[in-house]
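Chemist: Taken in order, these protein sequences are the chains called V and P. Sequential numbering from 1 applies to the first sequence in the working numbering. Sequential numbering from 568 applies to the second sequence in the working numbering.
Mixed in with the good hints there might be a few duds.
[Unchecked claim] Here are the computed distance ranges between Cβ atoms for each label pair: (1) P/Ile974 x V/Ser63: 52 to 60 Å; (2) V/Val121 x P/Glu1041: 21 to 29 Å; (3) V/Gln156 x P/Glu1017: 51 to 59 Å; (4) V/Asn529 x P/Glu1127: 46 to 54 Å; (5) V/Glu321 x P/Asn666: 54 to 62 Å; (6) V/Arg226 x P/Arg1043: 20 to 28 Å.
[Unchecked claim] Stretch by stretch, here's where chain V covers chain P in the computed footprint (C-beta under 8 Å, at least three residues): (7) 721 to 735; (8) 1071 to 1083.
The hints are simulated quantities; they were obtained by calculation from the structure and are not laboratory data. The beta-carbon is built from N, C-alpha and C at its ideal position, and this holds for glycine as well.
2 protein chains.
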Amino acid sequence: MLNYTHNNNELTLNNLNEVVNLKGWVLKKRNLGGLIFIDLRDKSGITQLVVKPESPLYELASSLKNEYVIEVSGTVVERESKNLNIKTGEIEVVLSSLNILNISENPPFTLSEQENVSEEVRLKYRYLDLRKPNAQNYLMKRSQITQAIRKSLIEQSFLELETPYLVKSTPEGAKEFIVPSRLYHGEGYSLAQSPQIFKQLYMIAGFEKYFQFARCFRDEDLRADRQLEFTQIDIESSFVDQKDILKIGEKVMADMFKEVFGKTLELPLRQMTYQEAFNSYGSDKPDLRYELKIKDFKEQLSKFDIPLFNNQEVVRGFELENNALFTRKYFDKLTEIVKKNHGSGLAYVRNETGILNGSIAKYVDETVVKPGFILFLIPGEYEDATNASGALRKELAKDLGFIDASIESLLWITDFPLLEYNKEDNRFYARHHPFTAPKDVNDLINNPKEALAKAYDMVWNGYEIGGGSIRIHEQRVQNLMFETLGFTEAQIQNKFGFFIDALKFGTPPHGGIAFGLDRIVMLATKTDNIKDVIAFPKTQSARDLMMQSPNEIDENQFKELGLKVIK
Amino acid sequence: MLNYTHNNNELTLNNLNEVVNLKGWVLKKRNLGGLIFIDLRDKSGITQLVVKPESPLYELASSLKNEYVIEVSGTVVERESKNLNIKTGEIEVVLSSLNILNISENPPFTLSEQENVSEEVRLKYRYLDLRKPNAQNYLMKRSQITQAIRKSLIEQSFLELETPYLVKSTPEGAKEFIVPSRLYHGEGYSLAQSPQIFKQLYMIAGFEKYFQFARCFRDEDLRADRQLEFTQIDIESSFVDQKDILKIGEKVMADMFKEVFGKTLELPLRQMTYQEAFNSYGSDKPDLRYELKIKDFKEQLSKFDIPLFNNQEVVRGFELENNALFTRKYFDKLTEIVKKNHGSGLAYVRNETGILNGSIAKYVDETVVKPGFILFLIPGEYEDATNASGALRKELAKDLGFIDASIESLLWITDFPLLEYNKEDNRFYARHHPFTAPKDVNDLINNPKEALAKAYDMVWNGYEIGGGSIRIHEQRVQNLMFETLGFTEAQIQNKFGFFIDALKFGTPPHGGIAFGLDRIVMLATKTDNIKDVIAFPKTQSARDLMMQSPNEIDENQFKELGLKVIK
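For reference, chain V alone in the conformation it holds in the complex (with noise of 0.2 Å):
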């Protein structure tokens, strides 16, 4: 091979004359007028070739295809017509030498953007897909995003350390991959669904400041943004309350956002309490790059007699300009929207210059709402409707150009209620899980359905990247958690065993938080497809398309784990 002396996208005017050494791939070739132009491209970007019909390779250039690998040797000159777009595009090289590397098949398809490609498609050639521009930078990006995190948090002093992948099954684990132990038929691994309980064995073994970029297995059903294995961001430390680790994480994002985008994150991020979120704007996420907020409007309706309005505990709704989109079709569709979110129905009212329409007109006069504007109010329970609400926010920014994609809004949710009511079974449940600290153990005791946790999340765009919590670390406000939960002695010793006897031995207080780093790529690239920045997805129904798998398993396979498939 030759020693090459640039890159693709480094050759301008600057070098002319020299001799130079490329490779690549043949992207394109063209003749036009005798001569042959190539497009050479690598990791870094497209330099122009030129072969001249009196050129000795003349024949040889002639016979190259897309996708060909090839290094060249020659000289850099000036374009004749110049492309302003691409750093190289003032000169070309004139070949001396050219060799083939390696020859391609016609790829199944081109490496285009434009070409309108099945997804099914590209995943099944993914290894040709990821030669395209777009999934070159989402997974450059992914590497350097990687980078700029770890960095933050090693200059924050924590270790990065590993934790093991193949653990302890928990008998409720519904989402859990089992893997069948080899030595011991009938019992079996579980893959980890998270680090959180050698995170928290971390700080009890006194290493204080612990991080790692960790797989994590979930056999869930797929969802768009869902995969069978993702990687977590995952970070703990010792003697720390929640502000210590709300300013670790935003500094790692702030860290993030300089290294790979340049652009300043403002610290301290804007915090907001769960309560406040839901209320306002109808999720634990909301995206704050529009305002939109939600209101309660029963009080200001009560004087009127609106049937559909009586008996709610609430109606909630917003007011926004009228739109030439609020077709009765449109109306339809916000209507499916709100009642997949659990909303009893949608209601409107439209000032049309002093006339009023909509499903409520007749009930109301022009006071509720202003002329050129229209009033969206769902009624029902405060739950419920507030959810409907938010969802119906969401919807409508979408479609009415609300969002500036400019903007970055990242913010804490924090005061997450600590416990779930389930009035099926009659018990509380952890919200997140039972080793988070309440943030005050007497509400715990004395009222336990309003006891909030000392638990957040973080936000982007209306996206949850990132959460987290500080956990128990005394035996006795476990103990307390473990009764409000009405575990028995049996249940607990059973599903968390081992860590509970950890817990007695000196535990540190201490919290953590998770990034997923799946998602802040796809935010940070701002593609709408998680897929986009993972290398080697699986699709929505949990198949690799390119390796096929999974695949039929051996009937002498499961035989040696001890099983067999029921037929």
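Use these hints to put chain P onto chain V, whose structure you have.
Modeler: Relative to the frame of chain V, chain P by itself:
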């Protein structure tokens, strides 16, 4: 919590009279002449605290027990009896406040290195075991080594990129873990044994320089230095030949030595062919901290009639200074080692100032061995006798103290055989894997038995710490390889299907290497137990004694996977 002013390894006489806030664990409490002395430990080190009899804190301080977690304020004063072994040994802190953050039960073992605790107990309470200074050091060094290696690779323009762990199962993968699919009964994924295929796909996709700290999963019967999961520093590059990869690999190690230990590793590393290593040291991973070369004695001994050596292909061995260790019992032990390593037997002759003794003394004269020396000889076929000589060499060096522990011996072994011929099923197997490039394609065609591979290992003090190869990038050569291995078209499709497809579309020349992180940390920290450098290891019987895994999998959980246990 307090605002901590110092870590516990920081205070010196420079801080006299300062008021400081500290935190940590009670390592030891002593009551001397009415004064209470507390050794306060955190991850950085130890600071001595004092409480005087007249202090209002005296009672609280008296109640402290080992491993209690506390935070304190106090004033730095000069110690009366100094401890010059630690940095803070000239001062102590007279407490003005003391806050117990958490209590501790009495640990099942003390945290001194001296106490002899069984591995079983240590692993059961691993979170306590990890509080010991040695254990802390192993894992902190692990974190530092990880960062140093990563930094080196990033400076060498490598991208850090991830690969999936849930991959396609291959029917012959005896050592793979199976992860049954919940969606598709009878099907499953396999846990990646290494990212080999994916790193090659990254090269095909045009990323040119990839690295990853990858977890690898192998369901092996565990040896002392193997775990079910281990961490590999996985590296691959395009447009390179062997010399380039060696350069990258040795720079990584040199940078690590410099950054973590401040030592200079002289580059380039020595290179030795596999043939020379095996011939002279009976090993493909020779420990060169001592010489003791294996030689051939057949020629020299041919004038004697030694029945044991008749009709033997070779007589291999070495001479060394006679030693008091060489008793009958010791020879028995050596003979056992020779036999376990495929040697037919061990002969020796000793020259005690003119008088010969030993198993072949009566057949030879004193010209064969110098006075005061002993000659060890292993007859047999070349491979077996050399292999056994290598094992003998290692054992003797260890027992006789030939190893200078202050030396670090790193070298490359190159020119491995490409194929291994198996007499039983009368066919060739790939020694590395079937994608390894031959040194000369013509040999693959004309003389496959002698064909060498573009494959290389890095060896450190007798351990293989890394290995890799240049890969086949041409379809034509790949087909030749498969033909030589006797694969049918159907077998190729079944085993390598999509990857063979991928090779068709302009695969660049590429190659790489993978280092074993666990082994590197083990050698760097001079321990000989790989479990020491893994935070939460499994035992040799594949069990996690702390979590108690693997554990029984519920019948219903298997049922959900379409499986049942064979009774």
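Chemist: Checking each numbered hint in turn, tell me which of them this model violates, lowest number first.
Modeler: Failing hints, ascending: 4, 6.
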